[in-house]
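Spelled out from the first residue to the last, the chains are:
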Amino acid sequence: RKEVEQDPGPFNVPEGATVAFNCTYSNSASQSFFWYRQDCRKEPKLLMSVYSSGNEDGRFTAQLNRASQYISLLIRDSKLSDSATYLCVVNFDNDYKLSFGAGTTVTVRA
Amino acid sequence: NAGVTQTPKFQVLKTGQSMTLQCAQDMNHNSMYWYRQDPGMGLRLIYYSASEGTTDKGEVPNGYNVSRLNKREFSLRLESAAPSQTSVYFCASSEAFEGGLDTQYFGPGTRLTVL
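So the sequences go chain by chain: A and B. Quick note on this note's numbering: the first sequence kicks off at 1 and runs consecutively. Quick note on this note's numbering: the second sequence kicks off at 1 and runs consecutively.
Each hint should be verified, as a subset may be incorrect.
[Claimed, not checked] Straight-line distance between alpha carbons at most 30 Å, and here's what the computed DSS-like set of lysine-lysine pairs gives:
| hint | chain 1 | residue 1 | chain 2 | residue 2 |
| --- | --- | --- | --- | --- |
| 1 | B | Lys71 | A | Lys45 |
| 2 | A | Lys42 | A | Lys79 |
| 3 | A | Lys2 | A | Lys97 |
| 4 | B | Lys9 | A | Lys97 |
| 5 | B | Lys9 | B | Lys57 |
| 6 | B | Lys57 | B | Lys71 |
| 7 | A | Lys79 | A | Lys45 |
| 8 | A | Lys97 | A | Lys42 |
| 9 | A | Lys97 | A | Lys45 |
| 10 | A | Lys2 | B | Lys57 |
| 11 | B | Lys14 | A | Lys79 |
| 12 | A | Lys45 | B | Lys9 |
| 13 | A | Lys42 | B | Lys71 |
| 14 | B | Lys9 | B | Lys71 |
| 15 | B | Lys14 | A | Lys42 |
| 16 | B | Lys71 | A | Lys97 |
| 17 | B | Lys57 | A | Lys97 |
| 18 | B | Lys14 | B | Lys57 |
| 19 | A | Lys42 | A | Lys2 |
| 20 | B | Lys9 | A | Lys42 |
| 21 | A | Lys2 | A | Lys45 |
| 22 | B | Lys57 | A | Lys79 |
Honestly, the hints are just simulated from the structure, not real lab data.
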């Protein structure tokens, strides 16, 4: 079983729509959670950290559910520029390493 | 402030050839990492260096060696390239703190093809 699992998608949505997707992780001792964004043939970049109480950054909302061991990302009012692959990233047990999901692809169409 | 730089950007090797991928960061981070990314697999950690003078194996270290040359530079060497090592390689750096890791910053990647 993979440590971090994501629905690969793709999620094809029209501009202005809301899209949401989850990521599950296997290690209950996980401490830190992140969403990274990766554009085609580019390097991953941090989108946002995920805090226990949930957090928003503009149109993006991240939630953490420790009991069910998943995190979620919701994008409101989708823009064409939101088209990308979103990587779920988990830091297990204060390790120096991060574990990456394979990514969820979102395509926003005009 | 260049962040994380990698060279080369592209490389084609024949089976059995060797090469070194170079990585440097100018953010004064203690920790540096090498990942490979294959379709449908996500990023997999090859080796990492938690601090200058230390290196540790990640998830997929076989066929690779690393050198933490100084705080800024972390190189990845393929001694005898194999077609299975065809991939995109990313270097990253971050700061570690009590309780976890800070943001990882990635280089632009090296696209390696082994024939």
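Here is how each hint holds up against the structure:
1. Lys71/B to Lys45/A: Distance ~22 Å between Lys71/B and Lys45/A Cα, so the pair holds.
2. Lys42/A to Lys79/A: The hint holds at about 19 Å.
3. Lys2/A to Lys97/A: Holds: Lys2/A and Lys97/A sit about 15 Å apart, inside 30 Å.
4. Lys9/B to Lys97/A: Since the Cα atoms of Lys9/B and Lys97/A sit roughly 25 Å apart, the hinted pair holds (cutoff 30 Å).
5. Lys9/B to Lys57/B: 24 Å, holds
6. Lys57/B to Lys71/B: Cα-Cα ~18 Å, so holds.
7. Lys79/A to Lys45/A: Holds, at roughly 18 Å.
8. Lys97/A to Lys42/A: Holds, at about 21 Å.
9. Lys97/A to Lys45/A: 16 Å, holds
10. Lys2/A to Lys57/B: 19 Å, holds
11. Lys14/B to Lys79/A: Roughly 43 Å between the alpha carbons, so the hint for Lys14/B and Lys79/A is violated.
12. Lys45/A to Lys9/B: With Cα atoms ~18 Å apart, Lys45/A and Lys9/B stay inside 30 Å; holds.
13. Lys42/A to Lys71/B: Holds. Lys42/A to Lys71/B sits at ~25 Å (cutoff 30 Å).
14. Lys9/B to Lys71/B: Cα-Cα ~22 Å, so holds.
15. Lys14/B to Lys42/A: 25 Å, holds
16. Lys71/B to Lys97/A: 18 Å, holds
17. Lys57/B to Lys97/A: 11 Å, holds
18. Lys14/B to Lys57/B: 25 Å, holds
19. Lys42/A to Lys2/A: 24 Å, holds
20. Lys9/B to Lys42/A: 11 Å, holds
21. Lys2/A to Lys45/A: 22 Å, holds
22. Lys57/B to Lys79/A: 40 Å, violated
Checked against the numbered hints above, the structure violates hints 11, 22; every other hint is satisfied.
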